[in-house]
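There are 2 protein chains.
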Amino acid sequence: MTVTRRSFLMQLAASGGYAAARAAMTTLGLGAIDVASAGTNAPLNLAPGSGNGRSVLVLGAGIAGLVAAHELRKAGYTVRVIEARDRVGGRNWTIRNGTRIEFTDGTVQVADFAAGHYFNAGPARLPSHHRTILGYCREFGVELEAEVNSSRSAYFLPDAAKGGQPIQLRRAVNDARGRVAELLARAADRGALDRELGTDDRARLVEFLKVYGDLDGQLAFKGTERSGYTVYPGADGQVGERPEPLSLEALLDPDLWGALVFDELLIFQPTMLQPVGGMDRIPAAFQARLADVITLNTEVTSIRNTGDGAAGGVSVAVRDRSGGNARTLDADFAIVTFPLPVLAKVQTNFSAEVKEAIASVAYDAASKIAWQSERFWESGSNIYGGISVVKHPTALIWYPSGGFHRSTGVLVGCYNIGQAARDFTSLPLQAQFDASRAVIDRVHPGSAALLKNPVSVAWHKVPYSLGPWVHWATPHERQYVRLNRPEGRVHFAGEYLSQIGAWQEGAALSAHHAVAAIAAEVAGRAGKTASTSTSTSDFTTESAIIPTTERA
Amino acid sequence: MTVTRRSFLMQLAASGGYAAARAAMTTLGLGAIDVASAGTNAPLNLAPGSGNGRSVLVLGAGIAGLVAAHELRKAGYTVRVIEARDRVGGRNWTIRNGTRIEFTDGTVQVADFAAGHYFNAGPARLPSHHRTILGYCREFGVELEAEVNSSRSAYFLPDAAKGGQPIQLRRAVNDARGRVAELLARAADRGALDRELGTDDRARLVEFLKVYGDLDGQLAFKGTERSGYTVYPGADGQVGERPEPLSLEALLDPDLWGALVFDELLIFQPTMLQPVGGMDRIPAAFQARLADVITLNTEVTSIRNTGDGAAGGVSVAVRDRSGGNARTLDADFAIVTFPLPVLAKVQTNFSAEVKEAIASVAYDAASKIAWQSERFWESGSNIYGGISVVKHPTALIWYPSGGFHRSTGVLVGCYNIGQAARDFTSLPLQAQFDASRAVIDRVHPGSAALLKNPVSVAWHKVPYSLGPWVHWATPHERQYVRLNRPEGRVHFAGEYLSQIGAWQEGAALSAHHAVAAIAAEVAGRAGKTASTSTSTSDFTTESAIIPTTERA
Numbered sequence: 001m002t003v004t005r006r007s008f009l010m011q012l013a014a015s016g017g018y019a020a021a022r023a024a025m026t027t028l029g030l031g032a033i034d035v036a037s038a039g040t041n042a043p044l045n046l047a048p049g050s051g052n053g054r055s056v057l058v059l060g061a062g063i064a065g066l067v068a069a070h071e072l073r074k075a076g077y078t079v080r081v082i083e084a085r086d087r088v089g090g091r092n093w094t095i096r097n098g099t100r101i102e103f104t105d106g107t108v109q110v111a112d113f114a115a116g117h118y119f120n121a122g123p124a125r126l127p128s129h130h131r132t133i134l135g136y137c138r139e140f141g142v143e144l145e146a147e148v149n150s151s152r153s154a155y156f157l158p159d160a161a162k163g164g165q166p167i168q169l170r171r172a173v174n175d176a177r178g179r180v181a182e183l184l185a186r187a188a189d190r191g192a193l194d195r196e197l198g199t200d201d202r203a204r205l206v207e208f209l210k211v212y213g214d215l216d217g218q219l220a221f222k223g224t225e226r227s228g229y230t231v232y233p234g235a236d237g238q239v240g241e242r243p244e245p246l247s248l249e250a251l252l253d254p255d256l257w258g259a260l261v262f263d264e265l266l267i268f269q270p271t272m273l274q275p276v277g278g279m280d281r282i283p284a285a286f287q288a289r290l291a292d293v294i295t296l297n298t299e300v301t302s303i304r305n306t307g308d309g310a311a312g313g314v315s316v317a318v319r320d321r322s323g324g325n326a327r328t329l330d331a332d333f334a335i336v337t338f339p340l341p342v343l344a345k346v347q348t349n350f351s352a353e354v355k356e357a358i359a360s361v362a363y364d365a366a367s368k369i370a371w372q373s374e375r376f377w378e379s380g381s382n383i384y385g386g387i388s389v390v391k392h393p394t395a396l397i398w399y400p401s402g403g404f405h406r407s408t409g410v411l412v413g414c415y416n417i418g419q420a421a422r423d424f425t426s427l428p429l430q431a432q433f434d435a436s437r438a439v440i441d442r443v444h445p446g447s448a449a450l451l452k453n454p455v456s457v458a459w460h461k462v463p464y465s466l467g468p469w470v471h472w473a474t475p476h477e478r479q480y481v482r483l484n485r486p487e488g489r490v491h492f493a494g495e496y497l498s499q500i501g502a503w504q505e506g507a508a509l510s511a512h513h514a515v516a517a518i519a520a521e522v523a524g525r526a527g528k529t530a531s532t533s534t535s536t537s538d539f540t541t542e543s544a545i546i547p548t549t550e551r552a
Numbered sequence: 001m002t003v004t005r006r007s008f009l010m011q012l013a014a015s016g017g018y019a020a021a022r023a024a025m026t027t028l029g030l031g032a033i034d035v036a037s038a039g040t041n042a043p044l045n046l047a048p049g050s051g052n053g054r055s056v057l058v059l060g061a062g063i064a065g066l067v068a069a070h071e072l073r074k075a076g077y078t079v080r081v082i083e084a085r086d087r088v089g090g091r092n093w094t095i096r097n098g099t100r101i102e103f104t105d106g107t108v109q110v111a112d113f114a115a116g117h118y119f120n121a122g123p124a125r126l127p128s129h130h131r132t133i134l135g136y137c138r139e140f141g142v143e144l145e146a147e148v149n150s151s152r153s154a155y156f157l158p159d160a161a162k163g164g165q166p167i168q169l170r171r172a173v174n175d176a177r178g179r180v181a182e183l184l185a186r187a188a189d190r191g192a193l194d195r196e197l198g199t200d201d202r203a204r205l206v207e208f209l210k211v212y213g214d215l216d217g218q219l220a221f222k223g224t225e226r227s228g229y230t231v232y233p234g235a236d237g238q239v240g241e242r243p244e245p246l247s248l249e250a251l252l253d254p255d256l257w258g259a260l261v262f263d264e265l266l267i268f269q270p271t272m273l274q275p276v277g278g279m280d281r282i283p284a285a286f287q288a289r290l291a292d293v294i295t296l297n298t299e300v301t302s303i304r305n306t307g308d309g310a311a312g313g314v315s316v317a318v319r320d321r322s323g324g325n326a327r328t329l330d331a332d333f334a335i336v337t338f339p340l341p342v343l344a345k346v347q348t349n350f351s352a353e354v355k356e357a358i359a360s361v362a363y364d365a366a367s368k369i370a371w372q373s374e375r376f377w378e379s380g381s382n383i384y385g386g387i388s389v390v391k392h393p394t395a396l397i398w399y400p401s402g403g404f405h406r407s408t409g410v411l412v413g414c415y416n417i418g419q420a421a422r423d424f425t426s427l428p429l430q431a432q433f434d435a436s437r438a439v440i441d442r443v444h445p446g447s448a449a450l451l452k453n454p455v456s457v458a459w460h461k462v463p464y465s466l467g468p469w470v471h472w473a474t475p476h477e478r479q480y481v482r483l484n485r486p487e488g489r490v491h492f493a494g495e496y497l498s499q500i501g502a503w504q505e506g507a508a509l510s511a512h513h514a515v516a517a518i519a520a521e522v523a524g525r526a527g528k529t530a531s532t533s534t535s536t537s538d539f540t541t542e543s544a545i546i547p548t549t550e551r552a
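Residue numbers (the UniProt record's numbering), protein chains in the order written: chain C, 1 to 552; chain W, 1 to 552.
For the record, the hints were derived by calculation from the structure and aren't laboratory data. Don't be surprised by glycine CBs; every beta carbon is placed ideally from N, CA and C. Among the hints, erroneous ones may be present.
What the hints assert, rightly or not - Just some of the chain C residues that point at chain W, by a computed CB distance under 8 Å:
(1) Glu145
(2) Arg186
(3) Asp189
(4) Thr230
(5) Pro233
(6) Gly234
Claimed, not checked - Listing some non-contacts, in silico: residues in chain W with all C-beta distances to chain C over 12 Å:
(7) Arg96
(8) Glu102
(9) Ala185
(10) Glu244
(11) Ala288
(12) Gly403
(13) Ala511
To be verified - Just a sample of chain W residues kept apart from chain C, beta carbon distances all over 10 Å, derived:
(14) Gly98
(15) His129
(16) Gly141
(17) Ala235
(18) Gly237
(19) Pro254
(20) Asn305
(21) Lys345
(22) Gly386
(23) Gln430
(24) Tyr464
(25) His471
(26) Glu521
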């Protein structure tokens, strides 16, 4: 299940321990949402003009909605995008100086950052194999730079109850590999693997393990330069001084394991990328191309299928976010990209089955905290980007991937998910900030006083999001399969309806899926109805936007 | 021996095979040049004004020379830097459109690149723990960005004789880890490690290995999402399709091992950095601060110690590179930063011991080839920076770490060292380019036609370098120790006199070492001679630069 795959690091680090690791790995083993029929990854390729005379209402201007609107327009569809927030992007949200952060519980924060600083509260990295969203970056000229997802200079901070001294990741990673190689080389060398290995393979395996783990001629692991130095080599006679290799006991602490493997998970492997200046440069690029069809600050109150067959359409009631100016928009189709907890509050005439599917999928929780700070992690610890994993409810410290050596930067001092996030964000904000500050100071002693102006984004408390991603229950196939099929003229799209849940790539591919389904329906009906393909409504003309009711 | 550590990847990839791997690892195990007494890494901290009235000639404006001159000036020394080339930086050489590349064999190339493109022919990356050189970047405001040293989307290309199909690194790295974990888990599970492990540790090790290698409940490695997909997960029912795990036989190919470990070698671990716009932004920053004391295009023909004790000094004969305007410069001290093959050609009155040390140290060979090309590696292979390792004399393909998604970029299509480099660069340039193009096309079929305007830099053929770094023989202690001590008033500095050979960090620290030695000598003599600390010469006044001989 992809959401679990994505959040593997967080689960291990935040909820910690062996049980969490096993649960995550077991689910990882399942690999994907199990559906009856496999689809294809054929690129979306609608013929220009193929949508002429057809209209589509896109509900929600997150990545799925923006991608859908862009693709539909390229094919000639008449498109309108309705968005409740005062900005596009949805969970793709970059916070800068002055950004107002409101939670559903009434909490309000206003970011106080220096000019040029930003905090990607939602998605903050693009794996190199997420071709669809990267393709839009290429198409639109969104400038990208490397996002440093792992640094061997960063740390793992063990549980305070276990001593709690930070261990540099280069040491943990390479001592673990050394120990594993040593144990396997010894076992192979004395014939313990002869049922798996022929004689030639045994000898070659042992030679491989010497290289792999940096073993000595007697197959012993006695530490390695890969794990770094306590005193680095220098000029003249200044040879390096190495720490003792970590004990097997230290390495077999399950709290550590996430830190040892996370950057080999497919979605966390190098190269990771980020837009220069903030992740919201992606929705901003869509917005620049869709400005004339996007309506912000507008809530959807109801979605109704109207008519049947060729006469069918959708009727969507909206109102200004302030509550006024209620009106109804009609179109041939709608694509609904709302997170399900948001969609569940909208009145619809959907079937009981679809209503139940929408209501029954639980969303996860996640929170991030960002600080403005002098860049002590660079000057003091040689850390340039990457993540320190902490055995603590705040889960990690995430260092900025750009702006190296400037006087200050934005440090992410918490990224937790699931129950850990629910528990943590039930504390007063100040207590959350205090906890984040304290754990950063444990990894970087003396840094507490440098951490300024924190903000928290708890996605489960953010209006119009109400969660970071789906927490699919098992079995989950029913809702996933159902919502991947349209309800009348209403199609659903979002990262949660893809095999790449929680990622912008999944949102984009799900949008393609919905657009392709509409195109197929239009093409099929065009084939059946020949020349009667005139749109039943076209809300790009003023007359099509008809206020039918006014709500207080 | 650090030079071997640095070139480990290249050795494995270029000269290949198990023998090379073992040789490299054995040397790695030695870890450092074995000298009698360990020094310290105390930061250089000369008192302002402590050098007032003293003069130092710095011979060579590479990193060691620039660092020495900068530090000496800050302390009040009168400094002059003599450089034979028409630029500063030495081996830190960034090639742009129009750069002229001349070899000692008479070959001339002129780079023909689009505006904004560059090729770091020498150093091209800065490890995050190279604090000294990074400290100068911070001090001078040299803008840095992440250098992507490894990408899991890049490839290993096996020997053509072994089939030669490229293997994506994410697959090789993670299947190797899976196989290792599987073998060790099975051995541990059946008690084959009971002499190393207690019962509790055995159980914990097995659980760790399930996470580490992504094993199933029966301890079997059946492939992992970490190794990527043949068909990536998508929308709706598009689950991912995985390749078969690589066979143990494929993983035990010694040609592969370098690709599996290189990015855990200390000097190649993330985070790696690079100056935005080219590595020569570092020497350019020094030059901006030293412009008034740097003399370019000036060759040194002799270096002589003059006088004794407090009356001692140095007398350096120079001439314009064209051969004219011979003159002699006098100073209290000199720091000689020339590579030893260059210094060996200079007349000196050094002791026989020092002359022998200079003459007896061999330099290595290394060559790089750069191409301008459409960025097919990004659009076609999702590769954003990083290195593909090829079992071929060209050794690697190195993708640019910046300028993502622009129309073209500079691709490094060869980086070989040692005998492989000597053999390869003995071919005509066109044959070298043809070979590079052909191997790139094997990794990226169809790319051959996109590769334009190649240039080669063979460091062993570059005047005033005559090699990339020292190839220390064993035992090598004698020359290293001797040249780390001054000869009269002449001090030596360069990366080759540090434990971080071949890296700018080593050059900077060696420069600090020489500067500190001069400062100690000055302080000692000042203590002895009280108020008689007037400089014996000061060549910053015009009168001090006295042409004494004129050579044709």
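Violating hint indices (sorted, rising): Result: hints 3, 4, 9, 12, 13, 15, 16, 17, 18, 19, 22 break, sorted rising.
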